[in-house]
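The hints should help you fit chain B onto chain A, whose structure is shown.
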Amino acid sequence: MKVTIKSWTGVATWRWVANDDNCGICRMPFDSCCPDCKLPGDDCPLVWGTCSHCFHIHCIVKWLHSQPQQQCPMCRQDWKFNNK
Amino acid sequence: MIKLFSLKQQKKDEEGSARAGGSQKKASAAQLRITKDLNELNLPKTCNTEFPDPDDLLNFKLIICPDEGFYRGGRFIFSFKVGPNYPHEPPKVKCETAVYHPNIDLEGNVCLNILREDWKPVLTVNSIVYGLQYLFLEPNPEDPLNKEAADELQSNRRLFEQHVQRANARGYVGSSYFERCLK
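Taken in sequence, the protein lines are chains A and B. For the first sequence, the positions run 1 to 84 when the working numbering is used. For the second sequence, the positions run 1 to 183 when the working numbering is used.
Next comes chain A alone, as it looks inside the complex:
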């Protein structure tokens, strides 16, 4: 039997590769967005600290802004963005 493909549609999925399922600050899944955003994806990205802990960028930035000392809310080590 001969089959002729007339058209095809590609489908792709994506997910963040993080060491945890949920953001420790807002507790929303990493594959969802922070509570202040509407859509997951590049507009609500994840960031890692050098301590290896990971959060929604909006959650961790909000926390760091409210603190005199920049510490990871998970382990209290000095927070530095890991630009790997």
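Hints were generated in silico from the structure; no laboratory data involved. Ideal Cβ positions, reconstructed from N, Cα and C, are used throughout, including at glycine. Mixed in with the good hints there might be a few duds.
Chain B side only, calculated, beta carbon under 7 angstroms to chain A, not exhaustive [as the list claims (entries may be wrong)]:
id, residue
1, ALA29
2, LEU32
3, LYS36
Here are the simulated DMTMM-like pairs of lysine to aspartate or glutamate, each with C-alpha atoms no more than 20 angstroms apart in a straight line [stated by the list, open to error]:
id, chain 1, residue 1, chain 2, residue 2
4, B, LYS120, A, ASP43
5, B, LYS92, B, ASP67
6, A, LYS62, B, GLU68
7, B, LYS36, A, ASP31
8, B, LYS94, B, ASP53
9, A, LYS62, B, GLU96
10, A, LYS62, B, GLU117
11, B, LYS61, B, GLU96
12, B, LYS147, B, GLU107
13, B, LYS36, A, ASP42
14, B, LYS36, A, ASP21
15, B, LYS36, B, ASP53
16, B, LYS45, B, ASP55
17, A, LYS62, A, ASP43
18, B, LYS81, B, GLU40
19, B, LYS81, B, ASP55
20, B, LYS81, B, ASP56
21, B, LYS120, A, ASP42
22, B, LYS36, A, ASP36
23, A, LYS80, A, ASP20
24, A, LYS38, A, ASP21
25, B, LYS26, A, ASP36
26, A, LYS6, A, ASP21
Using the frame of chain A, we list chain B on its own:
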């Protein structure tokens, strides 16, 4: 055909306004987070929660009935007020039961590190529950709100214990009066 289009448009408008109405009721970040906290709440058998308004998860009470230590047999009520900045700010927790305790003053202010300087947003209501329960098992005289009670706990443990029992059963310790809070 024109009528059909206008019907469609009308329906769209209705949907739009319904969505706008719905978004007013959309849960705030604090509400979303407290809902998760409460769903995952794993209370020790000495603790219970009460919701005076079941639709308001931001204001509730925690009742602790210690089963060991100085405060065994007592029943202590704490009010939790979760603000719009939760979890970036801790809930406001007050003790509504008058208690003779080094870390709780007579206005009900509670001195617990994770409710103040050591709060971080990865902590949950559960962490606070365990922190409060720990205060009853191990009162900490190093960091007192009720200095009289703290000094007494350090200098004369037996007298402190007697005073706690007297306060719990209803009575005066020094010039402060305590209502009965035994179960």
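Violations among the numbered hints | The structure conflicts with hints 4, 5, 6, 9, 13, 16, 21, 26, although it agrees with all the remaining ones.
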